[in-house]
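Read top to bottom, the protein sequences are chains A and B. For the first sequence, the working numbering assigns the number 1 to the initial residue and increments by one for each residue that follows. For the second sequence, the working numbering assigns the number 1 to the initial residue and increments by one for each residue that follows.
Because the hints were derived from the structure by calculation, they are not lab data. Just so it is clear, the structure is predicted and the values come from calculations on it, not from any experiment. All clues stand as given, with none of them false.
Just some of the chain A residues that point at chain B, by a computed CB distance under 10 Å: (1) L56; (2) R57; (3) A60; (4) K64; (5) T92; (6) K98; (7) V100; (8) L102; (9) N104; (10) K105; (11) N145; (12) F147; (13) T148; (14) D149.
When the alpha-carbon atoms are kept at most 30 Å apart in a straight line, the in silico DSSO-like pairs for lysine-lysine are as follows: (15) A/K158 <-> B/K10; (16) A/K64 <-> B/K78; (17) B/K19 <-> A/K108; (18) A/K108 <-> B/K31.
Don't be surprised by glycine CBs; every beta carbon is placed ideally from N, CA and C.
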Amino acid sequence: MKSSVIVFPGSNCDRDIAVALEKMQFKNQMVWHKETALPKSDLIVLPGGFSYGDYLRSGAIAGKSLIIDEVVKAANSGCLILGICNGFQILTETGLLKGVLLRNKNLKFINKDVHLKVVNNNTKFSNKYKKNQILKINIAHNEGNFFTDSKHMEELNKENLIAFKYCDKEGNLTEKSNPNGSLENIAGILNAKKNILGMMPHPERMIDEMISNKDGMNLFSSLLN
Amino acid sequence: MKFSVTVTLKTDVLDPQGKVVENTLVDMGMKNLKNVRQGKYFQIDIDESDQSTAEKKIDEMCYKLLVNLIIEDYKINKI
Numbered sequence: 001m002k003s004s005v006i007v008f009p010g011s012n013c014d015r016d017i018a019v020a021l022e023k024m025q026f027k028n029q030m031v032w033h034k035e036t037a038l039p040k041s042d043l044i045v046l047p048g049g050f051s052y053g054d055y056l057r058s059g060a061i062a063g064k065s066l067i068i069d070e071v072v073k074a075a076n077s078g079c080l081i082l083g084i085c086n087g088f089q090i091l092t093e094t095g096l097l098k099g100v101l102l103r104n105k106n107l108k109f110i111n112k113d114v115h116l117k118v119v120n121n122n123t124k125f126s127n128k129y130k131k132n133q134i135l136k137i138n139i140a141h142n143e144g145n146f147f148t149d150s151k152h153m154e155e156l157n158k159e160n161l162i163a164f165k166y167c168d169k170e171g172n173l174t175e176k177s178n179p180n181g182s183l184e185n186i187a188g189i190l191n192a193k194k195n196i197l198g199m200m201p202h203p204e205r206m207i208d209e210m211i212s213n214k215d216g217m218n219l220f221s222s223l224l225n
Numbered sequence: 001m002k003f004s005v006t007v008t009l010k011t012d013v014l015d016p017q018g019k020v021v022e023n024t025l026v027d028m029g030m031k032n033l034k035n036v037r038q039g040k041y042f043q044i045d046i047d048e049s050d051q052s053t054a055e056k057k058i059d060e061m062c063y064k065l066l067v068n069l070i071i072e073d074y075k076i077n078k079i
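Modelling step: build the complete structure from the supplied sequences, incorporating the hints.
Structure (structure tokens):
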């Protein structure tokens with residue numbers, strides 16, 4: 001499976017995701033944001049970081065970069081797109097995913113391992129997980145507070161477009177286990193065609209028992225499935 | 001021709017920064033304070049002599065980049 005990781009000035013999880021993809025036998029290429037053509041890819045990843053220093057709004061400037069037109073075209077023709085953290089913010093700024101990521105409710109940058117519940121395991125990104133499986137995955141963001149209008153919220157629930165939710169270690173979706181104030185504890189959502197996933201947590205940081213755990217690995221093996 | 005653009009969060013969107021500023025002002029003894037909302041301000045100089053054409057251009061800049069219409073409102077003023 002061929003993957004491309006888009007690199008913006010200020011991306012800082014681009015190499016982590018490349019390591020994860022290569023570990024899982026993806027044939028990966030890094031693509032600089034000023035490129036106007038994409039290599040043939042089955043998966044495009046918008047990595048985490050602080051593209052353009054989060055100027056204007058997180059992801060706003062990256063969302064207008066040259067390569068984004070190609071990413072949008074690829075997305076519309078069914079290519080799989082994964083946006084992690086700043087990548088999720090970029091996806092909402094481009095309109096590939098609806099909604100917006102507001103500043104964390106407590107106004108603080110949060111960097112910690114949190115528990116997630118796999119809400120939908122019937123997707124290209126999550127089919128190797130069990131439904132309602134509880135994962136421990138790292139988050140590191142300042143703007144991860146997912147917000148959207150009630151019509152979109154209804155669509156997310158009705159069409160089963162919520163991939164992951166924040167929960168406690170028993171899997172309860174409580175306010176206390178919601179680190180950033182996201183609507184309905186949302187940590188990751190899909191578009192209507194389910195070929196685009198945006199998520200704030202970092203699965204690429206959870207692929208090695210030595211430094212964390214392996215809870216992120218099944219996301220990548222799902223993609224290969 | 002110079003314009004100002006003021007961007008603020010929509011009234012139904014929580015503005016935690018504005019809230020913190022508000023609480024601090026109250027703590028500092030600023031009485032009668034009802035509400036503080038924090039926003040962004042842009043000054044834009046555009047090489048255009050016709051005001052309505054210029055305003056259209058500024059409006060386009062707003063909805064294409066400067067403003068996220070899901071959560072923000074904006075006002076354009078000639079300065």
